[in-house]
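Chain B: place on chain A using the hints.
Heads up: the protein sequence lines correspond to chains A and B, in order.
Using the working numbering, read the first sequence as starting at 90 and increasing by one per residue.
Using the working numbering, read the second sequence as starting at 90 and increasing by one per residue.
Treat the hints with caution; some may be incorrect.
Below 20 Å or equal to it, Euclidean Cα-Cα: the simulated EDC-like pairs (lysine to aspartate or glutamate) are [said to hold, decoys possible]:
| hint | chain 1 | residue 1 | chain 2 | residue 2 |
| --- | --- | --- | --- | --- |
| 1 | A | Lys175 | B | Asp142 |
| 2 | B | Lys189 | A | Asp223 |
| 3 | B | Lys141 | A | Asp267 |
| 4 | B | Lys161 | A | Asp267 |
| 5 | B | Lys185 | A | Asp223 |
| 6 | B | Lys141 | B | Asp184 |
| 7 | B | Lys226 | A | Asp267 |
| 8 | A | Lys232 | B | Asp267 |
| 9 | A | Lys156 | B | Asp184 |
| 10 | B | Lys250 | B | Glu110 |
| 11 | B | Lys156 | A | Asp184 |
| 12 | B | Lys175 | A | Asp267 |
| 13 | B | Lys161 | B | Asp142 |
| 14 | B | Lys95 | A | Glu121 |
| 15 | A | Lys141 | B | Asp267 |
| 16 | B | Lys183 | A | Asp223 |
| 17 | B | Lys95 | A | Glu114 |
| 18 | B | Lys232 | A | Glu262 |
| 19 | B | Lys256 | B | Glu99 |
| 20 | A | Lys175 | B | Glu262 |
| 21 | A | Lys226 | A | Asp142 |
| 22 | A | Lys141 | B | Glu262 |
| 23 | A | Lys256 | B | Glu121 |
| 24 | B | Lys147 | A | Asp267 |
| 25 | B | Lys256 | A | Glu121 |
| 26 | A | Lys95 | B | Asp92 |
| 27 | B | Lys175 | A | Glu259 |
Going by beta-carbon spacing under 10 Å, a handful of chain A positions derived as facing chain B [as the list claims (entries may be wrong)]:
| hint | residue |
| --- | --- |
| 28 | Pro127 |
| 29 | Gly220 |
| 30 | Ala228 |
The set of hints was computed from the structure by calculation and includes no laboratory data.
Think of the CB as a built atom: it goes at the ideal place given N, C-alpha and C, for glycine as much as any other residue.
2 protein chains.
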Amino acid sequence: MSDLIKIIQERRSVRKYTDQEISEESLNTILEAVRWSPSWANTQCWEIVNVKDAMLRKQLQETIAPKNPATKAIVAAPILLALCAKLGTSGYYKDKVTTKFVDWFMYDLGLACQTLCLTAQSLGIGTVIVGLFDHNKAAEILKVPTGHEVVTLIPMGYPQKTGSAPKRREVSEFVHVDTF
Amino acid sequence: MSDLIKIIQERRSVRKYTDQEISEESLNTILEAVRWSPSWANTQCWEIVNVKDAMLRKQLQETIAPKNPATKAIVAAPILLALCAKLGTSGYYKDKVTTKFVDWFMYDLGLACQTLCLTAQSLGIGTVIVGLFDHNKAAEILKVPTGHEVVTLIPMGYPQKTGSAPKRREVSEFVHVDTF
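The following block holds chain A by itself, in its conformation from the complex (with noise of 0.2 Å):
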């Protein structure tokens, strides 16, 4: 099994984190793979707010439901980043929508976020991929200017523990052969 399937596999939703700190060097190392996604016609719509601060931290925490079990995780990961994307671009040939699904962002943003979350995993860092909060509200407390939305939030830390991965369908129950 070669390295990057290893990664691929063994990548699991992280939502308990040891005390360790996570490097300036493993950040930027996260960060700069991000930079080498493909996007649409590379327009590279991803921004990402490192939020340090605990306050803000708190804030973001409560535009998230309660029961959501990634909840703790927005305070407590050493680091949290939120994904956000610029908007009217990805999909769009000089200013003009191409395709039915409009604006490609979240293609886009899914194509980065893999990219981060495999980066960290393949550095001993865990993640968790939070899209169910108050967007509004979170991109309020961001300063998210218009034009832009915030996406995701993207807990990060060295795991307390690696969990048993969820089933997963298998190969054959995806895949057509030339017509679906």
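Same frame as chain A, now just chain B:
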């Protein structure tokens, strides 16, 4: 530089391929990797059509603007995958929309797509993500059922040559501290 970083940085959009076939084993490795992608509450909305039939390839090619640089690849690539999504699951809780972004299939397909492209790259196989085509016509050609969408076409093969990377923004240009 770790293997993963090298794979991430060396992945390119590859549109011209050698005659070398992609083995069953390599294709299975790539599809098996996709299986382990993360997704909204593990909903795994991805569906993949492996389009082998020459006539279907030709029809798909006609859904793409002739000046698209990937037009030839749709027919010529050793493998052509169509990345599809089931709607109404990712981003939903008990059939109800949970966030302002409504359906998260684009985000989850982005995650799956980067898993796919990086795994291919780790095997020396080039990919290009094609998103600009007539999605309704393509869905008709591939007999994609109601409640699903074909989102991207991904031609794959061993690269004829390796181009240079398009310029990327510096990390300092997209990373913000505490607020955007």
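Verification of the hints:
A distance of roughly 39 Å separates the Cα atoms of Lys175/A and Asp142/B; the hinted pair therefore is violated under the 20 Å criterion. For the hint pairing Lys189/B with Asp223/A, the CA-to-CA distance comes to about 8 Å; that is within 20 Å, so the pair holds. Only pairs whose Cα atoms come within 20 Å are accepted, and Lys141/B paired with Asp267/A is accepted, the gap being roughly 6 Å. Under the criterion of a C-alpha separation no larger than 20 Å, the hint pairing Lys161/B with Asp267/A is consistent with the structure, at around 18 Å.
Distance restraint check for Lys185/B and Asp223/A: the Cα-Cα separation of roughly 15 Å lies within the 20 Å cut-off, and the hinted pair is therefore satisfied. Of the supplied pair hints, the one linking Lys141/B and Asp184/B is violated, its CA atoms being roughly 35 Å apart against a limit of 20 Å. With a C-alpha separation of about 15 Å, the suggested pairing of Lys226/B with Asp267/A holds against the 20 Å cut-off. Our distance criterion of 20 Å between C-alpha atoms is met by Lys232/A and Asp267/B, whose separation comes to about 9 Å.
Restraint check for Lys156/A and Asp184/B: satisfied, since their Cα atoms lie roughly 19 Å apart, inside the 20 Å limit. In summary, the hint linking Lys250/B to Glu110/B is supported, as the alpha carbons are separated by about 16 Å, within the 20 Å threshold. Using a Cα cut-off of 20 Å, the hinted pair Lys156/B and Asp184/A holds, with the two alpha carbons roughly 19 Å apart. Simply put, Lys175/B and Asp267/A have alpha-carbon atoms about 18 Å apart, close enough for the 20 Å limit, and the pair holds.
Straight-line distance between C-alpha atoms of Lys161/B and Asp142/B comes to about 15 Å, which keeps the hinted pair within the 20 Å bound. The suggested pairing of Lys95/B with Glu121/A holds, with an alpha-carbon distance near 12 Å, which does not exceed 20 Å. With a C-alpha separation of about 6 Å, the suggested pairing of Lys141/A with Asp267/B holds against the 20 Å cut-off. Among the hinted pairs, Lys183/B with Asp223/A is consistent with the structure: their alpha-carbon atoms are about 18 Å apart, no more than 20 Å.
For the hint linking Lys95/B to Glu114/A, the alpha-carbon distance of about 17 Å falls within 20 Å, and the restraint holds. Our distance criterion of 20 Å between C-alpha atoms is met by Lys232/B and Glu262/A, whose separation comes to about 17 Å. Pair hint Lys256/B plus Glu99/B holds up; C-alpha atoms about 13 Å apart against a cutoff of 20 Å. Pair hint Lys175/A plus Glu262/B holds up; C-alpha atoms about 13 Å apart against a cutoff of 20 Å.
Restraint check for Lys226/A and Asp142/A: satisfied, since their Cα atoms lie roughly 17 Å apart, inside the 20 Å limit. Only pairs whose Cα atoms come within 20 Å are accepted, and Lys141/A paired with Glu262/B is accepted, the gap being roughly 18 Å. With a C-alpha separation of about 13 Å, the suggested pairing of Lys256/A with Glu121/B holds against the 20 Å cut-off. At roughly 12 Å between alpha-carbon atoms, Lys147/B and Asp267/A fall within 20 Å of each other, so this suggested pair holds.
Among the hinted pairs, Lys256/B with Glu121/A is consistent with the structure: their alpha-carbon atoms are about 13 Å apart, no more than 20 Å. As the CA atoms of Lys95/A and Asp92/B are separated by approximately 12 Å, the hinted pair is consistent with the 20 Å bound. Taking the CA atoms of Lys175/B and Glu259/A, the gap is about 16 Å. The hint holds against a cut of 20 Å. Among the interface hints, the one on Pro127/A holds; its C-beta lies about 6 Å from the nearest C-beta in chain B, closer than the 10 Å criterion.
Taken as an interface hint, Gly220/A checks out: its beta carbon lies about 6 Å from the nearest beta carbon of chain B, inside 10 Å. Hint on Ala228/A holds. Least Cβ distance to chain B is approximately 8 Å, under the 10 Å limit.
Checked against the numbered hints above, the structure breaks hints 1, 6 and satisfies the rest.
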